[in-house]
Amino acid sequence: MDDLATSPFVRQELIPERAAPVKVTGFVGFLRTRLFNSPTNILLTIASALLLWFTIVPAIKFLLIDAVWSGKDRTACLAQNAGHEVGACWPFIQAKFAQFIYGFYPEAERWRVNLTFLLAALLLLPLLIPRLPAKGLNACLFFVAFPVVAFFLLLGGGLTGFGVSWTAGVLSGFATGASELGQKLSQAGEATAVIGPLLLLLGKLADLVGWATSGLIWPLLWLNGEIQASARPVWADLAVTAVVVSLILFVLNGGVRTGWRALVASVATFVGIAIVIAVMGLDQGGFAVVSTGLWGGLLVTLVVSVTGIVASMPIGIALALGRRSTIPLIRFFSVVFIEFWRGVPLITVLFFATYMLPLFLPGNFKIDGLVRALIGIALFSGAYIAEVIRGGLQAIPRGQSEAANAIGLSWWKTTGLIVMPQALRHVIPGLVNSFIGLFKDTSLVSIVALFDLLGSVHAAFADPVWATPTTLFTGFAFAGMIYFVFCFGMSRYSLFVENRLNAHGG
Amino acid sequence: MTTDPIVGIAGLNKWYGDFHVLRDIDIDVAKSERIVICGPSGSGKSTFIRCINALEEFQEGRIVVDGIELGPQLRRVDEVRREVGMVFQSFNLFLHLTVLENCTLAPIWVRHVPKKDAEAAAMKYLERVKIPHQANKYPSQLSGGQQQRVAIARALAMNPKVMLFDEPTSALDPEMVKEVLDTMVDLAREGMTMLVVTHEMGFAREVANRIVFMDAGQIIETNTPANFFANPQHTRTKLFLSQILR
Chain A
24 MDDLATSPFV RQELIPERAA PVKVTGFVGF LRTRLFNSPT NILLTIASAL LLWFTIVPAI
84 KFLLIDAVWS GKDRTACLAQ NAGHEVGACW PFIQAKFAQF IYGFYPEAER WRVNLTFLLA
144 ALLLLPLLIP RLPAKGLNAC LFFVAFPVVA FFLLLGGGLT GFGVSWTAGV LSGFATGASE
204 LGQKLSQAGE ATAVIGPLLL LLGKLADLVG WATSGLIWPL LWLNGEIQAS ARPVWADLAV
264 TAVVVSLILF VLNGGVRTGW RALVASVATF VGIAIVIAVM GLDQGGFAVV STGLWGGLLV
324 TLVVSVTGIV ASMPIGIALA LGRRSTIPLI RFFSVVFIEF WRGVPLITVL FFATYMLPLF
384 LPGNFKIDGL VRALIGIALF SGAYIAEVIR GGLQAIPRGQ SEAANAIGLS WWKTTGLIVM
444 PQALRHVIPG LVNSFIGLFK DTSLVSIVAL FDLLGSVHAA FADPVWATPT TLFTGFAFAG
504 MIYFVFCFGM SRYSLFVENR LNAHGG
Chain B
38 MTTDPIVGIA GLNKWYGDFH VLRDIDIDVA KSERIVICGP SGSGKSTFIR CINALEEFQE
98 GRIVVDGIEL GPQLRRVDEV RREVGMVFQS FNLFLHLTVL ENCTLAPIWV RHVPKKDAEA
158 AAMKYLERVK IPHQANKYPS QLSGGQQQRV AIARALAMNP KVMLFDEPTS ALDPEMVKEV
218 LDTMVDLARE GMTMLVVTHE MGFAREVANR IVFMDAGQII ETNTPANFFA NPQHTRTKLF
278 LSQILR
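First to last, the sequence lines map onto chains A and B.
Once you know that position 76 of the first sequence is 99 in our numbering, the rest is easy, because the numbers rise by one and skip nothing.
Once you know that position 219 of the second sequence is 256 in our numbering, the rest is easy, because the numbers rise by one and skip nothing.
Going by beta-carbon spacing under 10 Å, a handful of chain A positions derived as facing chain B:
#1 420
#2 422
#3 423
#4 429
#5 430
#6 440
#7 444
Listed next, with one range per pair, are the computed distances between beta-carbon atoms:
#8 A:156 - B:110: 42 to 50 Å
#9 A:353 - B:99: 29 to 37 Å
#10 A:39 - B:226: 47 to 55 Å
#11 A:414 - B:55: 27 to 35 Å
#12 B:99 - A:219: 48 to 56 Å
#13 A:147 - B:239: 56 to 64 Å
#14 B:69 - A:31: 47 to 55 Å
Here are the simulated lysine-lysine pairs, DSS-like style, with alpha carbons at most 30 Å apart:
#15 A:436 - B:174
#16 B:161 - A:436
#17 B:198 - A:436
#18 B:167 - B:152
#19 B:153 - B:174
The hints are simulated quantities; they were obtained by calculation from the structure and are not laboratory data.
Note that the structure is predicted; figures quoted are calculated from it, not measured.
Note that CB positions come from ideal geometry on N, CA and C, so glycine has one too.
Work out the full structure, taking the sequences as your base and the hints as a guide.
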């Protein structure tokens with residue numbers, strides 16, 4: 024201690040930088056420090072190299088070197104005709120390609136599918152590139168306008184009315200429903216002993232509600248009648264709806280003082296709708312209807328997965344917030360919903376949606392088979408997404424929402440502007456993981472008679488024209504590659520987004 | 038000093054379950070008054086000032102801020118929060134927003150100020166806390182002291198009538214304490230009403246009109262800084278001062 028105290032150290036000059044004694048950079052450095060730096064690592068390196076050798080080489084041999092590239096039927100892919108061991112039978116894919124993409128979609132109408140794909144790509148790509156402007160408009164077009172357009176493009180069919188006739192339909196349906204319920208209850212009430220008077224009272228009440236509704240909506244029904252009687256009902260209806268909605272928005276947004284922007288936006292939206300109706304001829308019946316039973320291949324895979332991914336996000340967000348809610352009823356409902364859907368296999372969900380649901384629905388109420396599967400998948404995946412998002416919500420320190428409250432933000436604004444954006448950033452890897460899982464799980468729809476990509480590939484194996492020893496492997500290799508391209512694309516894009524957000528520690 | 042208090046607190050009581058955290062707090066704060074609240078940890082001083090903008094609920098008593106009454110039902114909480122700015126110990130800046138966006142968020146979404154005006158105003162406040170050149174950085178790119186000054190600017194951007202500081206310097210490196218305290222001193226000179234929970238006795242001596250000493254959820258002693266340090270009355274205050282002023 025005395026020595027230390029008596030001889031203080033003061034550095035006279037700073038030590039200059041020196042090169043490392045062992046080479047740690049460059050290729051040699053890499054070999055030394057990463058691959059061959061210890062006996063275990065040397066063993067692992069050799070084992071990995073062997074593994075690569077035994078997988079990659081045969082794969083390349085099968086897919087490229089031994090593959091048959093042209094031919095008209097199975098004979099081209101037989102070893103005795105090719106003159107060598109046969110790998111992949113690519114002419115099979117070539118011949119069945121259209122079926123893998125479109126399923127049984129009629130050939131003359133396939134341009135509609137192509138146009139839908141093109142529209143999706145044109146709207147999605149600018150949405151994914153952060154530098155491009157007008158994200159809000161772009162998102163509106165992709166998430167709201169595109170699904171409607173895609174519906175009429177892919178399915179076909181037209182419109183017979185617009186806002187007025189829909190509202191009139193829903194309200195008059197409600198009125199008749201209430202009246203019918205009322206009459207049934209009243210009858211039951213007259214026949215029952217103990218709770219009879221109560222039922223009678225309820226019945227009278229429902230009847231009254233129905234009667235009052237139909238009384239209140241008669242001007243609407245009259246207007247609807249006039250519109251339907253006019254020469255061009257769709258256009259008349261659209262015009263009336265546009266005027267009414269625009270005026271309401273104008274007044275709600277502050278009228279003459281501040282409402283002009285809302286008015287312009289509303290009018291522009293309706294002009295956009297009018298253009299779509301005119302271009303697609305929706306007022307004259309639109310395109311020929313192609314029932315969803317004919318859809319297939321990549322088309323079904325993409326429709327199911329994109330709808331599932333897009334629809335499960337809001338469901339997941341709502342459930343995650345519900346599960347953290349302080350209101351017991353909402354929390355209870357969310358927990359039960361999430362646990363139910365997570366506890367049931369997707370196959371069960373699809374079976375139930377396809378074969379059981381129609382038994383429970385009223386006779387005249389029919390839902391398309393594809394739509395039933397879509398709803399099942401969206402709810403199923405929503406429950407998973409909810410748990411992923413809840414994980415993100417739990418990672419947000421309480422201080423964030425406290426600070427937001429302290430500057431006067433309401434619960435909705437705190438959640439929407441502060442908590443949720445940060446939570447979603449935290450869980451991008453988990454979300455994309457779920458999305459990739461969902462994309463591949465869509466192949467399960469083939470068990471409920473929907474021919475997705477894998478289902479189409481599978482169906483093509485049955486064709487005797489292409490029955491060769493390697494057809495099966497070729498088909499699965501092709502399907503695998505397509506799935507891989509989409510999933511890998513999602514994975515890479517999510518990495519890109521993560522890196523971009525992490526650049527500033529967000 | 039005006040006679041009408043800007044913050045009036047009467048009979049404030051709060052319990053965490055069975056634990057009585059705040060007991061019969063009565064205090065009036067006049068406009069432009071600076072009050073420093075000190076006391077040992079666990080004495081309820083943070084809980085107390087968090088009650089003023091309803092970050093904590095309370096079971097008894099009433100708080101009036103600029104004529105807006107806040108009872109145990111917290112009915113007018115949104116109005117009160119608009120008038121009261123708060124600075125936290127751990128800054129709590131919104132990490133996904135830039136410094137400028139942190140300061141414009143509330144004016145835009147709560148007061149519905151047009152974005153351009155909000156940004157101009159925010160720049161003014163950032164200049165006041167002396168970091169206008171960091172406006173487009175993210176909070177994680179700033180030092181602790183800078184972050185706390187942004188937090189002050191963010192609170193000021195709502196034009197509050199009262200500012201609450203909850204141990205604003207205790208999460209900072211010693212080197213950065215001064216820049217934050219200087220900003221607070223400037224703010225005090227401009228006539229802001231301030232309630233500050235802090236252990237910075239130098240700041241208290243220089244800036245405070247009154248020092249409130251709390252222990253076990255109650256106000257033990259209220260005094261002018263000069264008297265508080267030179268001539269503390271209560272034995273608990275004397276003990277506290279003897280431990281922190283060495």
